[in-house]
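So the sequence lines, in the order shown, correspond to chains A and B.
Residues in the first sequence are numbered from 1 upward in steps of one, following my numbering.
Residues in the second sequence are numbered from 1001 upward in steps of one, following my numbering.
Treat the hints as calculated values from the structure; they're not laboratory data.
The list that follows gives simulated cross-link-like pairs (lysine-lysine, DSS-like), each with its CA atoms no further than 27 Å apart:
1. A:K5 with B:K1051
2. B:K1049 with A:K17
3. B:K1092 with A:K66
4. A:K86 with B:K1040
5. A:K38 with B:K1051
6. A:K5 with B:K1046
7. A:K40 with A:K58
8. A:K20 with B:K1038
9. A:K3 with B:K1040
What the simulated footprint calls covered on chain B by chain A, stretch by stretch (three residues with Cβ under 8 Å from a Cβ of chain A suffice, anywhere in the stretch; the number is not a length):
10. 1002-1015
11. 1036-1047
12. 1061-1071
13. 1076-1088
A partial selection of chain A residues facing chain B, derived with a Cβ cut-off under 8 Å:
14. I28
15. S43
16. L44
17. D65
18. V68
19. I69
20. I84
Just so it is clear, CB atoms sit at the ideal spot from N, CA and C, and this is done for glycine as well.
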Amino acid sequence: MNKEKFINKISERTGLKPKKGEQLFQRIFELISKELRKGKIVSLDGFGSFAIRRERLKVLINEKDKIVIPPKDLIEFAASESVIEKINSQKSNG
Amino acid sequence: MDKEVLKSAISIEFGLSNIDAGNAVDNIFETLIQYFIKGKEVEIQKFGKFKVFQKETKENSLAVSFIPSKKLSEKVNGNFNNLEKVKTPLSKSEIDFINSINDNTPDELRNEDIQREGNELTEVNETVAKPKIQPQRKLVSDDLVKLHKEITETDEESEKGKNLWG
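Take the sequences, apply the hints, and build the full model.
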């Protein structure tokens, strides 16, 4: 992915100047990050949703020791159905 | 947060009308989607990477994966970043407990073909250490195992003549 091309595409689509477009683009993802850091779900119609999944604490054992692995909060993304359809429609048999 | 909230925030922060902010946000996501349709990867600084990949289960089944950036992963895991893996030797009472469970394992559930290696680490579900014999099974009494067999055999026979529509 070429960043310049990407910014130009955004500028084309939005009609904003490249610099403004880039700022706006970055701000969108900053806002999404902020919500995720609060542990909140971000659900974007027609694109997908981000959520936090908590992996629980694990204990592994062998005959002599045990290892305790702490829990972890992970970010999960699921693309929306419309996006899945769009990316698969290119490859559908016809 | 949903798209509407996002659009409002952008409208306020960038001094755009609701409509203009709304269009800008929609167009930005459309741009991303166009990249996905072309199978291109998208990397967003301090956020993460989107990739289109082929699912193993079906043909013609593409999906989008997302790998968050290290920084974002760390921030999201804020509650647990200070915790580390801890290795401790098993106490005598823990070892005794494990051995007692092993000794009480009913024959049907005992898999004697499995060799347990000294260095192999296995996962347990509870915080109290339990032995793992591959594959992991619940430890139930002989009577329950017998009862379960009886019940499932009965079900199979009565199901033979049936289909989804009765």
